[in-house]
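Asker: One line per chain: the protein sequences are A and B, in this order.
So in UniProt numbering, spot 226 of the first sequence is number 226, and the numbers just go up one at a time.
So in UniProt numbering, spot 319 of the second sequence is number 319, and the numbers just go up one at a time.
For the record, the hints were derived by calculation from the structure and aren't laboratory data.
Worth double-checking, as some hints may not be accurate.
Heads up, the list lumps identical chains together, so a pair's fine if it works in one copy or across two of them.
Pairs of lysine to any residue residues, derived as SDA-like cross-links and limited to a Cα-Cα distance of at most 20 Å, are as follows [stated by the list, open to error]:
hint : residue 1 : residue 2
1    : Lys-325   : Ser-182
2    : Lys-323   : Pro-28
3    : Lys-162   : Phe-359
4    : Lys-165   : Ser-8
5    : Lys-346   : Ala-221
6    : Lys-258   : Leu-393
7    : Lys-258   : Ser-8
8    : Lys-390   : Leu-158
Number of protein chains: 2
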Amino acid sequence: MSKNKLASSVQSLQSSAIRELLKHSKMPGVISLGGGIPNPDLFDHEGLQIAADAVLSRHFGEAFQYGLSEGYPELRSAIGQICAERGIACQADDVVITSGSQQSLDILARALINPGDTVVVESPTYLAALQVFSLAQANLESVGTDGEGMKVDELEALVSRKTIKAVYIVPTFGNPGGVTLSENRRKQLVELSKRYDFVIIEDDPYSEINYTSDVFRPLMAHAKAIGNEENVVYTSTFSKILAPGTRVGWLVVPEWLKRAVVNLKQTTDLHTSTLSQLMTFEYLQTGRLAGQIALIRDAYRQKYQTFATELENELGDVLTFHKPKGGMFLWAKFNNGLNTTEWLAKTLANGVVFVPGEFFYCSNPDHSTLRMSFVTATDEQLKEAVRRLKISL
Amino acid sequence: MSKNKLASSVQSLQSSAIRELLKHSKMPGVISLGGGIPNPDLFDHEGLQIAADAVLSRHFGEAFQYGLSEGYPELRSAIGQICAERGIACQADDVVITSGSQQSLDILARALINPGDTVVVESPTYLAALQVFSLAQANLESVGTDGEGMKVDELEALVSRKTIKAVYIVPTFGNPGGVTLSENRRKQLVELSKRYDFVIIEDDPYSEINYTSDVFRPLMAHAKAIGNEENVVYTSTFSKILAPGTRVGWLVVPEWLKRAVVNLKQTTDLHTSTLSQLMTFEYLQTGRLAGQIALIRDAYRQKYQTFATELENELGDVLTFHKPKGGMFLWAKFNNGLNTTEWLAKTLANGVVFVPGEFFYCSNPDHSTLRMSFVTATDEQLKEAVRRLKISL
Numbered sequence: 001m002s003k004n005k006l007a008s009s010v011q012s013l014q015s016s017a018i019r020e021l022l023k024h025s026k027m028p029g030v031i032s033l034g035g036g037i038p039n040p041d042l043f044d045h046e047g048l049q050i051a052a053d054a055v056l057s058r059h060f061g062e063a064f065q066y067g068l069s070e071g072y073p074e075l076r077s078a079i080g081q082i083c084a085e086r087g088i089a090c091q092a093d094d095v096v097i098t099s100g101s102q103q104s105l106d107i108l109a110r111a112l113i114n115p116g117d118t119v120v121v122e123s124p125t126y127l128a129a130l131q132v133f134s135l136a137q138a139n140l141e142s143v144g145t146d147g148e149g150m151k152v153d154e155l156e157a158l159v160s161r162k163t164i165k166a167v168y169i170v171p172t173f174g175n176p177g178g179v180t181l182s183e184n185r186r187k188q189l190v191e192l193s194k195r196y197d198f199v200i201i202e203d204d205p206y207s208e209i210n211y212t213s214d215v216f217r218p219l220m221a222h223a224k225a226i227g228n229e230e231n232v233v234y235t236s237t238f239s240k241i242l243a244p245g246t247r248v249g250w251l252v253v254p255e256w257l258k259r260a261v262v263n264l265k266q267t268t269d270l271h272t273s274t275l276s277q278l279m280t281f282e283y284l285q286t287g288r289l290a291g292q293i294a295l296i297r298d299a300y301r302q303k304y305q306t307f308a309t310e311l312e313n314e315l316g317d318v319l320t321f322h323k324p325k326g327g328m329f330l331w332a333k334f335n336n337g338l339n340t341t342e343w344l345a346k347t348l349a350n351g352v353v354f355v356p357g358e359f360f361y362c363s364n365p366d367h368s369t370l371r372m373s374f375v376t377a378t379d380e381q382l383k384e385a386v387r388r389l390k391i392s393l
Numbered sequence: 001m002s003k004n005k006l007a008s009s010v011q012s013l014q015s016s017a018i019r020e021l022l023k024h025s026k027m028p029g030v031i032s033l034g035g036g037i038p039n040p041d042l043f044d045h046e047g048l049q050i051a052a053d054a055v056l057s058r059h060f061g062e063a064f065q066y067g068l069s070e071g072y073p074e075l076r077s078a079i080g081q082i083c084a085e086r087g088i089a090c091q092a093d094d095v096v097i098t099s100g101s102q103q104s105l106d107i108l109a110r111a112l113i114n115p116g117d118t119v120v121v122e123s124p125t126y127l128a129a130l131q132v133f134s135l136a137q138a139n140l141e142s143v144g145t146d147g148e149g150m151k152v153d154e155l156e157a158l159v160s161r162k163t164i165k166a167v168y169i170v171p172t173f174g175n176p177g178g179v180t181l182s183e184n185r186r187k188q189l190v191e192l193s194k195r196y197d198f199v200i201i202e203d204d205p206y207s208e209i210n211y212t213s214d215v216f217r218p219l220m221a222h223a224k225a226i227g228n229e230e231n232v233v234y235t236s237t238f239s240k241i242l243a244p245g246t247r248v249g250w251l252v253v254p255e256w257l258k259r260a261v262v263n264l265k266q267t268t269d270l271h272t273s274t275l276s277q278l279m280t281f282e283y284l285q286t287g288r289l290a291g292q293i294a295l296i297r298d299a300y301r302q303k304y305q306t307f308a309t310e311l312e313n314e315l316g317d318v319l320t321f322h323k324p325k326g327g328m329f330l331w332a333k334f335n336n337g338l339n340t341t342e343w344l345a346k347t348l349a350n351g352v353v354f355v356p357g358e359f360f361y362c363s364n365p366d367h368s369t370l371r372m373s374f375v376t377a378t379d380e381q382l383k384e385a386v387r388r389l390k391i392s393l
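Next up, chain A with everything else stripped away, as it sits in the complex:
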């Protein structure tokens, strides 16, 4: 009876498919390729313990007190250095600490999107970004991807005929597609943004998990090279390189957007957990992050190789995929027209879950696609998972 009291924007929010999958993936004996979660066995217990001791002994009062909405100043400086190492020249003052990438996106959507504004996403794209932009009542349009990432030519055709507010993109080791935008297309994209004056929301959670020796310069760096840095907002997170449970991410925002973002951060939750921020700061002070990233990268690459090899050997005749150069996901497509959402019930019965691809599209879903995460399973489980997928066909 009281449902008519809900705001209209909320009523369009879909219940989360991932929630249901997470339930399944915790059933005993089920091997999950479904989650987007990092491998907790790789968390740096010793380093986090050192950080916790430092927080409680050196920062006790401030760790438990209110803090500034833009974030803990020394953590903002440390993040500025991380950004610099990634090729982004920025000051501590350009960094706003958020409670993870999800919040970064939500704040950006609220700062930028009026109902009906067009936001262009990759097809497929990150599920939770679709939720955020839908909640902001954006008009979502999508552009296809191939082995070189977003088809920027398609984007150009779109922006030449209609005004868009923003492009949302995970340019490096994307989720769910696993693809990486090529250097040429990066240049093309920032030039388009300059010419047509739209904002690029560059979501970069995975770039440190690089399986290759290639360097992929952030869009923000490319934009700066052509004097278009005003149009790029960059977001990243410690979730995949340190730990997601502390919920610490960040935004690098151009000057014109800064006040709005900080005000929204304040209105949203005052500030990110000071305890989480100080834990992150003290962890960075240990100097262990680089080693931790190398550990994660090596472990994930090795799992990827095991998994990809097994998939090719066992399912190569029906399943095709682009080989990711990094990250946590393998995106594949059945060439026999199999509907993966329907198929999931069968694979679950055989003890393996994944995320059906259709949830990652804002329109025209390809029902024969699926996303598989290979980072939490052991090598043996990955091989067994492929065997279970095969017997489910």
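Following the hints, position chain B against chain A.
Answerer: Just chain B now, kept in the frame of chain A:
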């Protein structure tokens, strides 16, 4: 040049007056009556250290991993018990963990408010609530308060001539007014809500900081007694009774609102810092919360008495105030028409800051009011602060 890209709702967000005041209050030698922050000298160092040790030894993997959007299940149960002790019968399943009361309010505003919906607040009311409802583009109306809290008769006159979506109220030891809604008016309010079918957003951060032996039953309990619990949403927090820096608060929501609130929580930031949640949970396991609350209550009451006595003695001829029965704030009014916003420059020059009252009104501000927090200053500083206020007249 890019400012026209900001969403229209954001452009109306005022920059925060509190932000500026916090800067002033950190100037050397300045005594701050301005902040709404708890006294960090009272934080339970030993108890939080025990909790931290327990988290790192018992919950290492889960403390740093992703969690459920509704919150850590055992913390939800423990909060259910805290609510029960306050007179609210609820299940763990009715509790949603948030990153503090600010986020509770933001999520509720997004769940409930369509642009133009009317939300009624007390006059004066909590500044940050005004920001949240303004961002949701609510039509804000206010109802006056006196020594018994919100004038519910005025509210009745209002709701009998126009439809409202919700009433936002801090019924116990309110911020900024320090007033407490009387038992009779509590009954009247929940009956009005039933008759006119509007939602009551009951914000309860302070009720444990009770200077008296009186018991003030939550509106949610009163509503249940008349079968109107569907119309009350309750929010509270650990910020004032344990520590604000962890950012852990909660909502108790009726069934019809639950799915929307959890989906919004997920879309907003996935979930509250697992580390913060587990720290809170393990702190509760120590059994020290009741003692900690007693400590805070006694310390604040004693400071209040010192401050109120000094104010009456030194400024009683020009300043009047209702005596709060608990909480952290003393709200006062000059009876000589002094404009407190203009006066602040003078008191700052003399080394004392407060928050001018005008910021706590959504319309028709009373410029001769001010909010003073007495909980972080020492007794000597409180006396000195009054002396400095006096010489500023």
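Asker: Flag every earlier hint the structure violates by its number, smallest first.
Answerer: Hints 2, 3, 5, 6 and 8 contradicted; others consistent.
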